[in-house]
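Taken in sequence, the protein lines are chains A and B. Counting with numbering that gives the first Met the number 0, you get residues 0 to 386 for the letters of the first sequence. Counting with numbering that gives the first Met the number 0, you get residues 0 to 356 for the letters of the second sequence.
Derived by calculation from the structure, the hints in this document are not laboratory data. We put the CB at the ideal spot given by N, CA and C, even for glycine. Hints are not guaranteed to be accurate.
Computed list of lysine to any residue pairs in SDA-like fashion (alpha-carbon distance at most 25 Å, straight line) [as the list claims (entries may be wrong)]:
no.: 1; chain 1: A; residue 1: K241; chain 2: A; residue 2: R112
no.: 2; chain 1: A; residue 1: K241; chain 2: B; residue 2: D61
no.: 3; chain 1: B; residue 1: K55; chain 2: A; residue 2: N323
no.: 4; chain 1: B; residue 1: K52; chain 2: A; residue 2: L345
no.: 5; chain 1: B; residue 1: K55; chain 2: A; residue 2: G325
no.: 6; chain 1: A; residue 1: K241; chain 2: B; residue 2: F298
no.: 7; chain 1: A; residue 1: K329; chain 2: B; residue 2: I65
Residues from chain B that keep clear of chain A, each with C-beta distances beyond 10 Å, as calculated [said to hold, decoys possible]:
no.: 8; residue: D37
no.: 9; residue: L90
no.: 10; residue: G124
no.: 11; residue: K170
no.: 12; residue: S181
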Amino acid sequence: MTRLTNCRSIAFSVLIAGLGIPMAIAAPLGLPPVPIPDDNPQTEAKIALGDRLFHDPRFSVDGTISCATCHAPEKAFTDHRRLSEGHSGLLGTRNSPTVINSAYMEELFWDGREPDLEGQSKQPPVNPVEGGLADIGVLVEKIRSEPSYVEAFKAVFGVKAQDITADHFADAIASFERTIIAGDSPFDRYQYGGDESAMSEAAVRGLEVFRGQGRCVSCHLIEQTQALFTDNRFHNIGVGFKTIRGQEAEIARKFLEAKNAGADVDKTVLADKEASELGRFAVIEDINKVGAFKTSTLRNIALTPPYMHDGSLDTLEGVIDFYNNGGREKETDPVTPFLSGGIRPLNLSDEQKQDLVAFLEALTSPEIASQVPSTEIITGNTGDQQP
Amino acid sequence: MSQMNRRRFLRTGGAVLAASSLPFSVVELAFGQSGPEDFSFAFISDSHITHIKGDKFVRNWDRGMIQAVAEANLLSPRPDFVFYGGDIAQLGTPEEIDHGLEILSGLRGDVHHVMGEHDYYLDLGEHWRKRIGPDHYSFDHKGVHFVVLNSILTYDEWTHRKWDTPMQRMKEMARLDNPDGSPFMVGDSQREWLRKDLANISKDTPIVVMSHSPLQKIYRGWNFWTEDAEQVQELLKPFDKVTVLYGHVHQIQYNQIGNISFHAAMATAWPWPYPETFVQEASYLPKLTVEMSRADPFFERDGTGWQFINMHTGDVDVHYALPDNENRVVAFNEQQDKPVDSLYQDESKQIPPQDHY
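Isolated chain A (complex conformation) (with noise of 0.2 Å):
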């Protein structure tokens, strides 16, 4: 638990309650005020409790997976993989985004398959490939023959343990998951706080080349008062096309018929790397959501790599390079045909490229930074397979 104390500090220093009484959390700079659904205010009771859940690995099949495992904070929130492993090193299709400012979202998951953080970490611990559970109902009788968990959850929402019920596990999980906000990088310093020093020239440059020619503040938004770095909307950008190149229509309609015949999205998405590749259509059917995945915020994006939701790039020069190749790792490789209307070459010379990073790396946080060890930040590591 001390490990998460830097950042349980950014949200709890203004903190203002105590056991049981709703609490809000203001907003560091940069960032609005986090939203806190009606049906599930904040406590502090609430939010330790989902601390503890959060890093619990008994939740799994096998005792080894926590949600931390694939968040870990001192891994800013990730696993620093390219794609995460859960029980008995199994393999999910992809990259493991991070919790931090997950709270603004409006949809979870790089599909949105789940509308909020309550829906979304009820999935993990029952998906085959990471927690394993064989269905909700062991993990809450796991919560139900532990005690002190019993305690817990007596003491925060008032029920006896044959009442505790998953829902109650999200609520507290989505409750600690508000805490997790860090905005006050040097951009936030430069742009709302008025330190014109707060950024190198390089990153200044590089600013304006997100603004303009790099096209990049279109989806990752800079707004007048707040910046979240995402539109919350999904866009092919070309990620994951050669997986499934030319078989888009037969994975459509194999995947379409076996979700009406009643597969589960979350399962299915995750253990079949082409249905993987549907993106958002997968979730909405829309045919111009085809390979179509969540727009990810940037901040902190020095310390999540490898990128992409299938986590096939290893650095952020790579990064834009992709972009700056209108969607492709090379320029020789073919585009999509489902690409977005928004993605298209860039032209950009080496120094902006070279700027660009310098920006991407003015969005880290202090406390964030303090508590990701710079050994942590390996690219291009963990021996997984190359999607």
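Starting from the known structure of chain A, arrange chain B on it as the hints suggest.
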């Protein structure tokens, strides 16, 4: 897919559609005495493939067409065929027509083509006919009589004026608000052909007419217009149920004149009218003369799209697939006896036009 499975799929697809207006549904067709049948077809139009030089073509127009082809191939159950609504080319050159046809060759299933003015006025349709076939014809499909017309002809005096070059004629016809332009028409001989073609069709057979220009008069300066529209409509009047589908206008339009429902196709290239856009690189858009509500200029496909058509008891439901925008459905409403937009028909849901500031 077996018939049983197909039906189950159709119903499921319908439920999905009702929930979220997705273009992924087929409604059953049930009319006439020959028993219920249902079918759909895709409708792609106005790609304006533009040759720069050598093997270089305007990327943006290529991408719009490529995306429509890829998405149409996803339709399940498969559409029975695809209509291409004309203006495959920008200046009617063999390079442009061939390049467009190469992209369309990725479509699964048969394609029926309509002649657009951009395909015609360079060589008066010679290369187009050589590659594609006749420019007006009819066929029957599952109880519906389909008619394809070449509606972009004009007065012979204009067509055969003493032009410096054929390209001059092409560019004059492409120009908007052109005082030296000339209105589109189906023409006497084609109307006579149509009269004979329809003579033996029973009046309760649903008719679908495909043309490039609207067979109704909207705006003459841009040839959103067919000079002999009323005469064509007169030939269609005796039938219980007629639908005209057209391209050319690059936007959603729908109308009801008597027994005839009209629907326009989105272009895969650009929206008309269209907004001024980022001038970050050379623009190939024709000059703006009328303002419109803005499409998002960042997303090059916003304001474009393609559509697929469900035939349902002889009525047409048009499903617009609109990348980076909200998909739309304009469906024939039996109570109101006209096409109705499923989203925006209700006045309280309409979005007022924006001004540019």
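Cross-check of the supplied hints:
no.	hint	result
1	A:K241 with A:R112	holds (23 Å)
2	A:K241 with B:D61	holds (20 Å)
3	B:K55 with A:N323	holds (19 Å)
4	B:K52 with A:L345	holds (21 Å)
5	B:K55 with A:G325	holds (16 Å)
6	A:K241 with B:F298	holds (23 Å)
7	A:K329 with B:I65	holds (20 Å)
8	D37	holds (18 Å)
9	L90	holds (23 Å)
10	G124	holds (29 Å)
11	K170	holds (27 Å)
12	S181	holds (34 Å)
Of the numbered hints listed earlier, not one is contradicted by the structure.
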